[in-house]
Amino acid sequence: MLDAKLNFKLLEMCSRCGACYSICPSCMNIPGYDPRAVIKDILNGEHEKWLSSRHIWECLECHYCLEMCYQHYGFENAMTALRNIAARKGLHPPQVKRGWEMFVKTSRLGEPALPARKKFGLPEPKASGAEEFRKLYALLQERRAAGNKEDKTK
Amino acid sequence: MREFAVFWGCTIQTRFPFIEKSTRLVLESFQLPYRDVDGFTCCPEKSLVNNIDHGAFVLTAARNVALVDELDIDLVSPCTGCVSNLATVKGELNANPREKAEVNSLLKEVGREFKGSSRLQHLVPFFHDAVGIHKIRQKIKRDFTGMRIALHYGCHMIRPSHALKNDDPLNPVKFDNLIRGLGAESLQFSSKLMCCGQGLDRVDEHDRALDFARIKLKELRAIGADALVLCCPSCFLQFDNNQFLMEKEGEKLGIPIIYFTELLGLSLGYSAEELGITNHRIDCSPFLAKWEELSSRPAPSVGIEAGLTGPNVLG
Ligand code: SF4
Ligand code: SF4
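Protein chains in written order, with this note's numbering: chain C, 1 to 154; chain G, 1 to 315.
The following block holds chain C by itself, in its conformation from the complex (with noise of 0.2 Å):
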């Protein structure tokens, strides 16, 4: 459940478009990152070969393509994707997996800093909502389990 998806039909008109890759940062700054090859793989079921990439998380989510995309789709969609199966297989950057960690356990990135809030006179930082995240997170782990077995008792 609540899974980012590809679309191959918008992915296919891409392949012949690659409009936006004279407005992506990436593209412009940084050497190998392009796109459009990562989508003509995936196109070709030979999306794979990207997962070890470094190139899929370097896409900075700027979100220049998808605005100024005709069927409002974007290079970044097909990057996001190829993430998330990346990340599946254990394959995201060390950092990437420091912050995962942190934010399940903890629900955020980083805890208030006390001392300077002292210095600077701010209030007490308000409750946090960690264990009602972490209940959530926890239903949505069962509820994606008992989906899994309807699945195959289908």
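Hints in this document: simulated from the structure, not taken from any laboratory.
On a predicted model such as this, the values are computed, not experimentally measured, just so you know.
There could be a bad hint or two in this list.
Result set (DSSO-like, lysine-lysine): computed pairs, CA atoms no more than 30 Å apart in a straight line [what the hints assert, rightly or not]:
#1 C/126 - G/46
#2 G/100 - C/149
#3 G/46 - C/135
#4 C/89 - G/290
#5 C/118 - C/105
#6 C/9 - G/46
#7 G/115 - C/105
#8 C/89 - G/100
#9 G/115 - C/126
#10 G/290 - G/192
The calculated label-pair distances, taken between Cβ atoms and stated as ranges, are [stated by the list, open to error]:
#11 C/123 - G/108: 27 to 33 Å
#12 C/88 - G/191: 42 to 48 Å
#13 C/89 - G/189: 38 to 44 Å
#14 C/130 - G/168: 36 to 42 Å
#15 C/127 - G/28: 21 to 27 Å
Stretch by stretch, here's where chain C covers chain G in the computed footprint (C-beta under 8 Å, at least three residues) [unchecked claim]:
#16 14 to 28
#17 45 to 51
#18 102 to 111
#19 154 to 162
#20 190 to 203
#21 207 to 220
#22 225 to 235
Beta carbons: idealized from backbone N, C-alpha and C, even for Gly.
Keeping the supplied structure of chain C fixed, place chain G with the ligands upon it in accordance with the hints.
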């Protein structure tokens, strides 16, 4: 004006409490009806959470929005990423009744409901639209006439536009309007809308992140900008912290980085210390010194009366 919650996000509270300070000072100066709300978590950060688990991304953001929905108030954030992520999920759920029902069936288990009715805004468009330049001008004590400011919007202040709907996503104007409203010149330069590149620093690509910072900072140096003004903690991290790291390696670019709330705070009469500007890694004193110098210069109209009534009048 409707009451609103301030969504501080993780980065500001963890790394830059002085940004929270200047934000509170300006909100209070304008007597805006803001409040702090219990129970927020990370927005969550898209590039991290969405890349690993889209469901967790949607659910976490929906829960945060539900907290303000419940109180029937709006939300404003001084972080572009937070607003953009929350608005993206709000848009996705409002457009997909089935997904919304799925999310709500989970939220119900913890006693919450996502309605998607609250307005979610970034602080800059909020000041532009809800406070207004006219009101700002009335309130400020001293403006920035003569200062040459480079703006960095931050991608997520304006994109994705289908979710944020607050400015032109490819040719935004509101931040520029505010800076001009504060009397400064808003410089136009070729890398103005380029992404800061901080995302690269989150995927173990520090050198590439520096490459991105360098492109913009070098251009700013070449055109003689007095400061780079922005309103996003990630962009701030990229241009202040990473510029400092470059400086330590002997590459001094010397561009002061100033948060929008700090700029506004200065014009309202707060000192650099009160606003926490003295806590930046990159020294902002050249900017402050120039501003000081400009304001001690006599205004062009000073002495005009003497000239009109003096002995040389009418020969
Ligand atoms: S979102 Fe990614 S692919 Fe799209 S323009 Fe930005 S960097 Fe390029
Ligand atoms: S994402 Fe849109 S603009 Fe970019 S190549 Fe595909 S169709 Fe063209």
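Item to check | Structure versus earlier hints - violations, ascending order | outcome: 4, 12 and 22
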